[in-house]
Structures are given as C-alpha cells and as structure tokens.
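Novice: Chains as they are written, first to last, in the numbering used here: chain A, 1 to 305; chain X, 306 to 845.
Any given hint could be a false lead.
Result set (EDC-like, lysine to aspartate or glutamate): computed pairs, CA atoms no more than 20 Å apart in a straight line [as the list claims (entries may be wrong)]: (1) Lys193(A) <-> Glu204(A); (2) Lys709(X) <-> Asp73(A); (3) Lys709(X) <-> Glu674(X); (4) Lys709(X) <-> Asp134(A); (5) Lys764(X) <-> Asp615(X); (6) Lys764(X) <-> Asp462(X).
Hints in this document: simulated from the structure, not taken from any laboratory.
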Amino acid sequence: MAEQAEAGGGKAGSAQAGLAQAGLASRFLTAVQELYRRPASAIGSTIFVVFVLMALVGPFIAPYGSNEQIVADARQPPSLDHWFGTDNLGRDIFSRVVLGARDVLALAGVGTLAAVVLGTMVGLVSGYYGGWLDEIVMRFFDSLLSLPALLLALLLLGSLGPSRNSVLVVITVVYTPIVARVVRSVVLSVKTKEFVEAAQVQGERVWYILFREIFPSTLPALAVEGSLRFSYAIFLVASLGFLGVGVQPPSPDWGLMVKEGRANFTQTPWALYFPAGAIAVVVIGVNLVADTLKQILQVPSQLKR
Amino acid sequence: MATRGNGRWIIAAAVVVLAGLVLVSCGPGTMTPGQEATEVPAEDGGTAAPGEMPAADRQGTLRVSAFPIAQTDPAQISSDAEVLIANHIYDYLVDVDADNEVVPRLATEWTRGEEGLTYEFTLAEGVVFHDGTPFTADDVVYTFRRLRDTEGLPTADLYSNITSIEAAGELAVTFTLSDTNPFFLYDLSDNHALIVKDGSEDGGAGGAGSAGANDFNGTGPFVVQDYEPGNRMVLEANEDYFVEGQPHLAGLEIIFFNDQSASADALRGGQIDLTMDLSTPLYESLRQRDGLIAQDIATNQFANVRLRVDQPPGDDPMVVEALKLATNREEIFQLVQQGYGAVGRDSPIGPLFSEYYTEETGIPQRDPERAAELLAEAGYPDGLDLELVLLDTLNFPDLAAVLKQQWSEAGIHVEVNTVPESVFYGEGQWLDVPLGIVGWGHRPYPQFYLDVMLACDAKWNATRFCDEELDELIATAGTTLDEQERIDAYHEIQRILIERGPIMVPYFFAEYGVISDRFEGFQIKAFSGRTDFRQIRLAE
Numbered sequence: 001m002a003e004q005a006e007a008g009g010g011k012a013g014s015a016q017a018g019l020a021q022a023g024l025a026s027r028f029l030t031a032v033q034e035l036y037r038r039p040a041s042a043i044g045s046t047i048f049v050v051f052v053l054m055a056l057v058g059p060f061i062a063p064y065g066s067n068e069q070i071v072a073d074a075r076q077p078p079s080l081d082h083w084f085g086t087d088n089l090g091r092d093i094f095s096r097v098v099l100g101a102r103d104v105l106a107l108a109g110v111g112t113l114a115a116v117v118l119g120t121m122v123g124l125v126s127g128y129y130g131g132w133l134d135e136i137v138m139r140f141f142d143s144l145l146s147l148p149a150l151l152l153a154l155l156l157l158g159s160l161g162p163s164r165n166s167v168l169v170v171i172t173v174v175y176t177p178i179v180a181r182v183v184r185s186v187v188l189s190v191k192t193k194e195f196v197e198a199a200q201v202q203g204e205r206v207w208y209i210l211f212r213e214i215f216p217s218t219l220p221a222l223a224v225e226g227s228l229r230f231s232y233a234i235f236l237v238a239s240l241g242f243l244g245v246g247v248q249p250p251s252p253d254w255g256l257m258v259k260e261g262r263a264n265f266t267q268t269p270w271a272l273y274f275p276a277g278a279i280a281v282v283v284i285g286v287n288l289v290a291d292t293l294k295q296i297l298q299v300p301s302q303l304k305r
Numbered sequence: 306m307a308t309r310g311n312g313r314w315i316i317a318a319a320v321v322v323l324a325g326l327v328l329v330s331c332g333p334g335t336m337t338p339g340q341e342a343t344e345v346p347a348e349d350g351g352t353a354a355p356g357e358m359p360a361a362d363r364q365g366t367l368r369v370s371a372f373p374i375a376q377t378d379p380a381q382i383s384s385d386a387e388v389l390i391a392n393h394i395y396d397y398l399v400d401v402d403a404d405n406e407v408v409p410r411l412a413t414e415w416t417r418g419e420e421g422l423t424y425e426f427t428l429a430e431g432v433v434f435h436d437g438t439p440f441t442a443d444d445v446v447y448t449f450r451r452l453r454d455t456e457g458l459p460t461a462d463l464y465s466n467i468t469s470i471e472a473a474g475e476l477a478v479t480f481t482l483s484d485t486n487p488f489f490l491y492d493l494s495d496n497h498a499l500i501v502k503d504g505s506e507d508g509g510a511g512g513a514g515s516a517g518a519n520d521f522n523g524t525g526p527f528v529v530q531d532y533e534p535g536n537r538m539v540l541e542a543n544e545d546y547f548v549e550g551q552p553h554l555a556g557l558e559i560i561f562f563n564d565q566s567a568s569a570d571a572l573r574g575g576q577i578d579l580t581m582d583l584s585t586p587l588y589e590s591l592r593q594r595d596g597l598i599a600q601d602i603a604t605n606q607f608a609n610v611r612l613r614v615d616q617p618p619g620d621d622p623m624v625v626e627a628l629k630l631a632t633n634r635e636e637i638f639q640l641v642q643q644g645y646g647a648v649g650r651d652s653p654i655g656p657l658f659s660e661y662y663t664e665e666t667g668i669p670q671r672d673p674e675r676a677a678e679l680l681a682e683a684g685y686p687d688g689l690d691l692e693l694v695l696l697d698t699l700n701f702p703d704l705a706a707v708l709k710q711q712w713s714e715a716g717i718h719v720e721v722n723t724v725p726e727s728v729f730y731g732e733g734q735w736l737d738v739p740l741g742i743v744g745w746g747h748r749p750y751p752q753f754y755l756d757v758m759l760a761c762d763a764k765w766n767a768t769r770f771c772d773e774e775l776d777e778l779i780a781t782a783g784t785t786l787d788e789q790e791r792i793d794a795y796h797e798i799q800r801i802l803i804e805r806g807p808i809m810v811p812y813f814f815a816e817y818g819v820i821s822d823r824f825e826g827f828q829i830k831a832f833s834g835r836t837d838f839r840q841i842r843l844a845e
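Looking at chain X on its own, in the form it has when it is part of the complex (with noise of 0.2 Å):
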C-alpha cells in the first residue's frame, strides 16, 4: 500500500524535477555528426621544403577539447577525435586542404602515367621517424599494403583497386592500379593512410587505448609525451618536423570531455584554447563572446529524405514530384540548420564540390495546390498518410517536424517513427522502410554517393531508383580522366535527380570550431579530425 511516506517522497521528487531537468540540460547537447571522410579532386604536383625551426621560436600550447578516444592504431581509427589526434602524430602521403584540394605532405611532387592507371611519387627527404629511424619509400609501401591486405581493415575495398605498390628508390613510390580512377589520389589521403613504420605491428600505436607515449611513432609534427586515457593526451613540437617553420606551437594538450556542453564550458572558463564539437545551439551561444574566434563550414554530410519507388505510392513520379512541391527547402535550412551548412538541391553533390556543383537547373518552387492535384491524379484526391521513419539522433527530428507541417498543407500526413541507430542500421531499416530519412557522411568527392546510393546496382540503393541515363552518367563520372567531361557529367546527374530522382536533400550539415583570441592559423575543415594545427601560432 502506498504509505504517506511514499507521497510526500514524490512530492520531493517533483519538485526537484525543474531543478534536476535544468542540470541535466547543462550536461551532454547533441552529438557532431560522426562522418568518415575521404577528399574532391586536384592536379598533381607540389613541394614542402624541408628544415627546422629554432625551437625559441615555437611558442604556446594549444589546449583542444576532444572526445574520449577508443583506437589509436591508424588504421582502424574512425571517430573525429581519433582522427585529429592520429593526424598530428602521423603524416599523410598526400593531404587535403580547406578548400578540398589534394596537396603534398609526405609526397612532395607525384606523376601520373598516360592510361592513368600509374602513379609516381617522390617522397620528402630528412624526415624521421619520432624514435630517430629515417623514413623511406619502404614505409609507404609497408603501411599501404597494410591498408589493402589485412582482412577486415575499413580500407581494404577502397585500395582493393591497387594491384602493386613498389618501392621505386629510396624515396619513391610507384603505384599500379587495376582501373582507372580520377580520384585515386583522394584515397590516398583517406583517414586511415597515415604513414607508420615498417613493419609496425599495430601501427606503431601500441594497444588501443592503452599505448604508452613510446608507442605513437610518427612522423608527425607533435610527438606524444603523456598519454592517459580518458583524460589526457600531451604532445610537443617535433623538433625534427620536415616541413620548414613547421608547427608554430610548442605543444599541443589533447583533454578529453564526454560532452559538447561542458567542452563549451571549459572554453568559456578558459581552460581549453579550441573546440570544435558543438551542436548549433552552443555554437550560436559562444559566437559573439569575446575572446574567441568562431568558424563554421559547410560540409557534405546531408540529410537524405528518400522514398522507395518500387513500391506504392513511390511507384507513381507525380507521388515523388508531389511530395518535392509540398517542401520549402529554405524554410527548412533556416529553421532547422539556422543558416549553417548550405541548402540541398536534391543531390548529393553539394556547393563544397566547386565545380561538380551547379545551379543551372532550378529547384522548382514550393507549391501545396498543385502537389495536392498531382497526388489526385496519381489516385490520392483524399491524400496521402505516410510513415517516415528516421535516426532519433542529431537534428533529424525538427527535419521531421518542419516536413510534416509542410507536407500536411498538400495533403500529405506523417506519422513519424524516430528510432535508435541499433535498430535503424543494426535492422536495415534505412534500406528497407518505404519513407525514411537517413543521413550521409561527408565524403571528399561525390562519386562515392552515386557508386552506392544512386547507379542502379548500388549496394545501397534504398530507393531502388534505377535509370538508365543516370546510370551512364555516373560511370562517366567515375572513370573518365577527362575534367570536364567528368564536370560535364556530374551537372547533368544533378539535373535528372532534381526532374526525376527519389531523393529530397534540404540541407547539408555545417562543422563548426572556436578558438581562443590568442591564436591565429585556425582553419577548420569540413571533416574536423582533418583540420590543420601546424599553422596554428600564438596571436601576436
């Protein structure tokens, strides 16, 4: 029997409920976006001079926030946070810069073979190791042989295309491919290609999460000096660093927080220098403060709103065409992305691509009357009762909310199913639900999207859109060496997925990153693991 003890205790409990939501909203906000990244295309060549800057000249330790990492081996890292810090102790062979372009980093200058299907590359010379071993042609060919051959690896399909990779000298390597591709050198730079020394078992990591400080050896421009896991990750400037002047700080300090909202705490406070996981909300609340630098960046992470269409009522285009009339794209970018990140045009092939990305076929405006006459005619003159089914994870919830207030004015009612990503992925239910929505990693070049998402035997094809003009397309695109026929390619698929394809992206993501007013160099990239602390320095 409930006992009087027992009321007066929920009475307690209720009134402290204000007051414990109010707590817990200052705990954990909404997780960045977990994306994986790879980069666009670039022409070849470059240089990075070797040399050293007077150690009285690096100044200053950057204190960045980051989530707690689980994998330190390179190869097996994925999260932002592992990425950023593997990125800092290793070097990549090639790197790609703010602007998406491929530039040199441990390869100082690459060729091309005629047919396309070799490629060159002349490594940097005076570089070391951290533990004082020379680096050589024969590490590259070691780490990339790692990354194609050992089972289970994320980077075993993607270099699946590679059929030799040889030493070509002390300092260069040579390269063989099965077919052409134009954006080979993009995967070269994937996440994973860190360069590590010859025969590192783990990748010269040591156990993950558990290395010692001995055990992360790079060639990278900080070394690690103390490694605590969860808590703290301390590194210096590598005195041997090869590229000249390079890094400006003396020290990097990586602390690790479990939530955006104590990170932007610790900004506030002074007691981390750099953030860049926050949600929108807590980058609109540290925007204007003094003291601190705010960037933000349109990446191609989207959010994809697709309807199978081999099945009712995808089956009918003026179903498809009806429900891209009932969606007011801008409405849905200002109020659930805030202005950041860019609107979507139905394609996933956003404004970060530069020149793949067009503008020449109009998004046709938003029109409820006419969407409600074309579901009639399609057999829905009473309209239309759909499901749609999401991830309950980042914004995709408002995007829900916005599209059924939409959608609801042409007819079309939703009722929305928001579920776990155990169930979602874990059930195949983002392949499989007739109406869904599921978000897309932000990747460096969009053939990526349309190889798995769009050709007609993608393996991920959710929509089962199959045509025959955009499957050419996309082949085009994907293997051509010609720019503009691959440029030429890529306007036209954006035209036939804005005219006829199952797809609605409303918006792509923005990454964002503040910084303390007394550095200078920041430059936060669209997949922030990349983004670059060599040419951070301490503000003069």
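The following block holds chain A by itself, in its conformation from the complex (with noise of 0.2 Å):
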C-alpha cells in the first residue's frame, strides 16, 4: 500500500515537474521572440551571436594565422589588404582579433558554465538543508567574496601559475560563491512552498526534490546570473590577459594584445583600439541580453546575494 502510495506520489510529482518545465520552455521561447522585440537585446543578441559565430567559424574567415607575421608589413594601419592594421610583429589585427574570439568565449563561456554547475549545487545543498552546514558554506563564500575578483584571480594565479586551465578554475572559483547565493537565495524562498513540502511528505528523494522540484524555480535567475557572470568573465579574461597572467603569448587573446597594443601605442594605435573594441563590444552585447532576459523572465528584484 505504501509501495503504490509512494508510486503514485511520483507520478503526480513527474507530472508537477513536467508542467513546470513545459510552462519554462514556453517562457523562454517567449523570450527568445521578447530579445528580438526590443531594439536594446536585438542588438544584444545580434552582436552575441555573431561573435559566437566568430568563434566557431574564425578559422575559415581569418585571412591569416593568428602568429602569421609578414616581414614587410609590420606597423602597417588599417587598409584593404589588413582591415585592422598590422601590428608591431607584422601580425594581421583582424585574423588576431577574429581568431581570438574564441579564445574569450571559450574561456569565459566555459568558466562561467562551471561556475553556475558547481554554484548551484552548492546552492541547493546549503539552502536545502541550512543549519550549520549553510552557515559554514556561506560564511566561507562571504571570505571569498569579501576579496575583489581581480584580486583573488591574481591570488589564484600566484599559486596556479598562468594557463588557459588556471584562468578557467579562476573563473570558476571567482563567480561560483555568487552563483550559489543567487540559487540559495531561491531556495530558501522555494522550500516552504506546498509543492516542495508535498514532495518532502510524499518521502521523494533528497536529489529528486533538490532537481526536479526546486531546481526548476531557480532557472530564471540562473539564466539571468549567468549571462551577467559571462559578461564579468570575459572582464576578467581579458584583465588577465592585460596584466599578463592569463593566457600566454603569442596567444590572440584580446586583453593580451591590449597589453600589447598598448606598448606600442604611438606607433601603432589601432593594435589597441581593435581589440579593446571587441572586449567592449562584446560585453555590451551580452548585457543587453542579460538585461532584457531580467525583465522577460521576471527574475524577482528583491532577490539578493
């Protein structure tokens, strides 16, 4: 009897579940049509994808290597032949800029995405359960996040040594105290709610109710804090890349070649302008989305860290 009232119970709980994620599919087709609504995340979502399709297809649209150095060429400024100028070592700016695209988007899109796996089960856990467990967790996120990012990047890859792996566990380390207050955060607004209770009553699993009862209720802030934290990621890649800790040269690393550019400034300024410009519009684009996104989805403003 227990057995069947048990099964039922996940049936009804499938169900709840299903429903949940057919009205969030809907919502996000919603706002996928919502980002193309508004000329701001039009824009936004315009210029993430086509940077995101930088990154997949750069290789075929560069016209050189991203090291390629042409003797004869060096310091040359922007013309037909070199779009973005050449740079001190007679690199094509726009092969560099185009094939470093990926570089940033990788790093700071795969980062972030660890950041928001590994944040949000935290989240869940620790907002789940609280009592000590969630002070402990909390309290030592509070010390990480009492630090500023760069700083504790620059920490971190005191002891890691600078790499494109150390920039990545950088990221993730950095925005995943955040991430995981975001979701703790809802959470703990969640857990009381007749559905997570009804569960909890019905004797679901511990990963069943953290994943498919609450898990769902956390996706639209998710969605909104992980483009904001991509965003701060490819700040973060490409402050790395400019203090020159980050990725290694000759790397196209778009921070990398600011760095670059900017010792060479006099002679070559558009070494600098071309790459700042990406990272600047970039960043741009993808907080328009975010922005829009917060507004489509309804992520409740009172929710704090």
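Using the supplied hints, reconstruct the complex from the two chains, each of which is provided in its own coordinate frame.
Specialist: Right, dumping it as structure tokens:
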C-alpha cells in the first residue's frame, strides 16, 4: 500500500515537474521572441550571435594565422589588405581579433558554466539543508566575496601559474560563490512552498526534491545571473591577459593584445583600438541580453545575493 | 542576485573600457632595460688641464627627465637615473668615452708596472670638492678602500683582486693587484667608483633618498642647489671645475618622471630638453619631429636564448644545431628591434667591442628543412615540443612570438611561458629551465660574460655547457697582457660559439636619446647613465 502511494506520488510529482518544464520552455521561447522585439536586446543578441559565429568559424574567415608574421607589412595602418592594420610583428590584427574570439568566449563561457553548475549544486544543498552546513558554506563564500574578484584571481593565479586551465579554475572559483548565493536565496523562498512540502511528505528522495522540484524555480534567476557572470568573466579573462598573468603570448587573447598594443601605442594605435573595441562590444552585447532576460523572465528584483 | 542596477553598471563599464584603455595607453610605456655598466680596453695616458671658464660664458639650463632615484650614495647607485645624477656631481678617476675607450678624468695619466700588477695614477691639480676642500690622493684611497672593503657593496667582489691602495704623494696613487687584470682600468671606471671625500660616511651624499643640498659633496661639474625627492633636482655649474671650459651649461635640472610616455610628452611640449628613457616605439614617434635631435647607439645588452645541454633534448648537439638553423636572426632584428641596435651572432661579444668582435665565421643561413632533418636524426622525427620560459618585460615576449613562428616551420613547437622578474630570477628559473630567454646587461668589456656564463665552472653557467678548448681561450683572454693574443682568443671564442655553442644571441639592444635642437654636443653612451653633459652647450 505504501509502495503504491509512493508510486502514485512519484507520478504526480513528475507531472508537476513536467508542467513546470513546459511552462519554462514556453517562457524561454517567449523570451527569445521578446529579445528581438526590443531594440536594445535585438542589438545585444545580434552582437552576441555574431561573436559566437566568429568563434565557431574564425579559422575559416581569418585571412592570416594568429601568429603569422609578415615582415614587410609590419606596423601597417588599416587598409584593404589588413582591415584592422598590422601590429609591430607584422601580424594581421583582424585575424587575431577573429581568432581571439574563440579563446575569450570559450574561456569565459566554460568558466562561467562551471561556476554555474558548481554554484547551483552548492546553493541547492546549502539552502535546502540550512543549519550549520549552510552557515559554514556561506561564511566561507563570504570570505571569498570579501576580496575583489581581480585580487582573488591574481592570488589564485600566483599559486597556479599562468595558463588557460588556471584561468578556467579562477573564473570558476571567483564566480561559484556568487551563483551559489543567488541559487540559495531562491531555494530559501521556494523550499517552504506546498509542492516542495508535498514531495517531502510523499517521501521523495532529496536529490529528486532538489533537482526536480526546486531547481526549475531557480532557472530564470540562473539564466540572468549566468549571462551577467559571463560578461564579467569576459572582463576578467581580458584583465588577466592585460596584466600578463592569464593566457600566454603569442595567443590572440584580446586582453593580451591590448597589453601589447599599449606598449606600441605611439606607433600602432590600431593594435590597441580593435581588441579593446571587441571586448567592449561583446560585453555590451551580452549585458543588453542579460538586462532584457531579467525583465522578461520576471526575476524578482528583491532576490539578494 | 544581480539587480538591474548591476547590469547597467557593467554596460557603462564596458562603454568606458575603450576610452579607459586608450587613456591608459598614454601612460607608461615599456621600461628601458636596466643595465649595469663597467667598460672595454684602451691604452694608457691622457691629460686634462685644470682651469676655469668665465661664468658669463656658461649659458642655458638643460632640463632632463629621469626616473625617480632611490640611492644617492655613489657606492649604492644602480639605475640609469642614479648613475646619471651622480656622474655629474662627482668625478670618476678614469672614465669611458662614447667609443668605449678609457679616458682621463680625475687621473690625468697613469702607468702600469711591467708585471701588470701595479698601476700608478697621477691626479689632476687644483681640484676642489664642492665644500671648498682640496682633492688629494687620500680621497681616492678612501673611496676605493670603501668600495672594496665594505661588506655588501656591489664592488666588493669586483675589487677583491686589489691587494693595496696607497697614496704615493699628495696627488699620486698606487694600486697593487694580486693577479693581472687586463681590464683593470675599466673596473676602476665602474659606475660606483665616483670619488668621494676622505672619511665621508655615506659617500657625502646624505641619507639615501633624503639628502639635503649640502650633502652632495663631490668634485663634479655641477653642484646641487636643491633636491626634492621624487620631484626634481636643481644643479648649477661648478665654477671651480677643474676641466678648462667645462661645463658649458650654466645649470642642470633633473625632473623626475615615473613613466616614459610622460617624459616623451614633456619633450614634445617643451617642458624638458632631453630624455633618454625611451622604448623603441616612443623613440620612433619622436625621431622625425622638428626641433628635436635623435640619437641611438647599439649597446652590448642582449637577449640570450639558451638551451641546457646536460639533459634531453639539448644534450644532443644536433638539436642545438637544429634550433640555430631554424632561426632567422635578421628577421628577428627587424621585427623585434625595428632595426635598432645590432644583429647578434650567437656570442656575447657584440660589435661595440670593435677589435674583439669578428664576422670571420659566418652564421649558417636559415634552413628549416635541414633543421627538421637534424631533429629526425636526433630521434625526433615528429618534431619537438618545448617550453620556452622568459621574462614578461622588455621585448622578450615579442622575441618569443617570432621564435615560435620561425621554429614551427622546422617542427619545433614552443609553448611560451612568461614569468615576472621575481619568479624568473627570485626562484632561480633563469638558471634551471631547459629552454629560456635571459637578458644580459651592458658591460664595457666582454670578459665578464665569458667568465660568469660560458666557462665550465662559471657561476651562472645556465646551459651547463663545458668545452675544453673554449675554457682555455676564456682563461687566456682574461689574463694575458698581450692585446693581440686577447683579440685572437676572442675571435676563436666566437667561432666556437657559432659552431657548437649552446646559446643564441639574436640581437643587441639599442639605447635612445632625444634632445632639443637648442643644444649641441650631446652624445649618448651605451649605458645612458654615463652620458656626459659636460660637453653639451646651447646651440649657436
């Protein structure tokens, strides 16, 4: 009898979750339509799509290799041959910006994704159980958050050494506490709702309650937070490259290119303008999308980290 | 939770990033290399006539940019700016000119004993310190004993070969050495060897960084009138200066700048008259400008690409040869140095060392196919993967980028790893990593590099290269008093290093200076801190 009740309860729960998912899917579909209904987010989305395409097909559209040096063309201003000009080593800046998109977007994207996944799991567990576990985790995250992101990143890189993998670890460590706090705040407001209590009464396992009942409620907030974290991560990757502790030369990392362009600014100012412009444009694009997502997903603004 | 305000903030931040970065780009450029100096061989002799120029003939104040200084005691100075300032307040016993020849300064002439172990110097007459006390042999004795005997001073090691320093009269000094040192005169003109008054505790400079005007008690061509640390130093011509007709200027003003771009802008705007703190791009931007005279000089500061030969893959000479064949030095020179300085020939003996330098042995032409074949013969048919470790300063990252490209055509794939100075030198990476790029400062004679870097028992033999024939030649060059024998030894050393040496020297750096055309007589030296302002005058 008890087994039957449990089985019945399970079906009910699945149906509820399914409804929640269907609702969510339609909300996301609406969101995509909404994105292109508003001029600001339409621009943002287009910018983002263009940069993602650039990252995907960069090697096919870049006329030169990222470290290909044309001695005779060194330090040339923008022209038909070199749209963005060449740097002090005769490298085509357009090719480097295009090929660098993959590095920046992949590092920022994968790092953010890792932070979102990790932060979500920690936030769910911490918020759901509460008590001493929640206290310990949150105070630990508070201590991490008390350090400015760049300083924390520099400290981590100091011990890890500069490399792509280190940058990924840094983004994950820096942004996991923020994501976890956002998820936790949603969990705290949701875990006392009837459908969660119903699942608990039905004896559902914890992972089921966490991921099938509570998790869908965090998705709108996660979508917005994830996109914001993504744009911050682009900044962070570029900043680390600029400080010379991130991706190593001669990678076409935009931050690194800005650093190199700065040293040669009096001779080749275009070597600074274009990568710096690329960083600015992609960050603006992502933020326009994030801002609109927040509005149309109706993420409650009273949710605090 | 990210609020709407947050989103807007980051958008605003993104909008200003361009402007911000552009503004930042107007800030500091790359730092000019920090070098150490000392100087090359020359013959004995020379005089300097004491005298005085009528005050009315001294005209104009030269305003010079310099990085802020930390040390004012001549025994402790090291940066270009510190040496530049001290060099005009104090005098050297002997100096080195722009052609790298030893010339008289406070010593008017000198003789070397037959065994090459004693040197007698005759000192200039009528020299007085800025406080009015006469200069005597005791001041020279005190200065060099202090430099040799004070623990922790950078000169203690340099002068450890001097067994005695004695006054041989009021204006005569005798130095006795334990071993012959053909470069002894160059050692005496080391950056720190500025003559200070007998008994002055801190070299007469007052406390480091806080010296008052009366503390700078030298015999030099300019007298300190006012010093505001971090801001400026005002100097007036020494009316009692012992060299007739010098200095030509009535005054000198050192204005401290924390970055090169700012001093370049100040020169453009007419706020200063001379800057020698320039990166290549900044120099290029000033070079063609009306009203300015630009000068560049090849130094012996160089980038050294070195491979350890005591472990794979460097322990196979074919790998070393392959790396050399895969490298195009001329292309590196044009791209990285923009043609300033000099192309290197895989040896630390650069063209600045005139007779010691030779091009008798040709550098093999670049041949990536042959390099790939050699690698295959050495057991690397699929190419070679290497990590290249280097400093993240100067143009070393550019050099690494070009090497990566050139070597990739020979199947040598390089992972570049740039590290800060504190790690590179502080943790000994520059000596330990298998493949690295190390910068070597300018020295006035080549023996130093050979002794500390390439001899079998050299203290900084980072490659662990040991070649018997090379070792004998280094010993000969460093001890013989026969100049021709030394020249021959240096030529042989260059041949060996090109043929089988473990280092590649793709280029020698340049030093730059740009001065307003209101002045003439400026001649930059390979170590810019030793540039002599005594000859500079207002243009007619």
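Novice: Would you mind marking each hint as holding or not holding in the structure?
Specialist: Here is how each hint holds up against the structure:
no. : hint                    : verdict
1   : Lys193(A) <-> Glu204(A) : holds (15 Å)
2   : Lys709(X) <-> Asp73(A)  : holds (19 Å)
3   : Lys709(X) <-> Glu674(X) : holds (16 Å)
4   : Lys709(X) <-> Asp134(A) : violated (50 Å)
5   : Lys764(X) <-> Asp615(X) : holds (16 Å)
6   : Lys764(X) <-> Asp462(X) : holds (13 Å)
Violated hint for the displayed structure: number 4, the only one.
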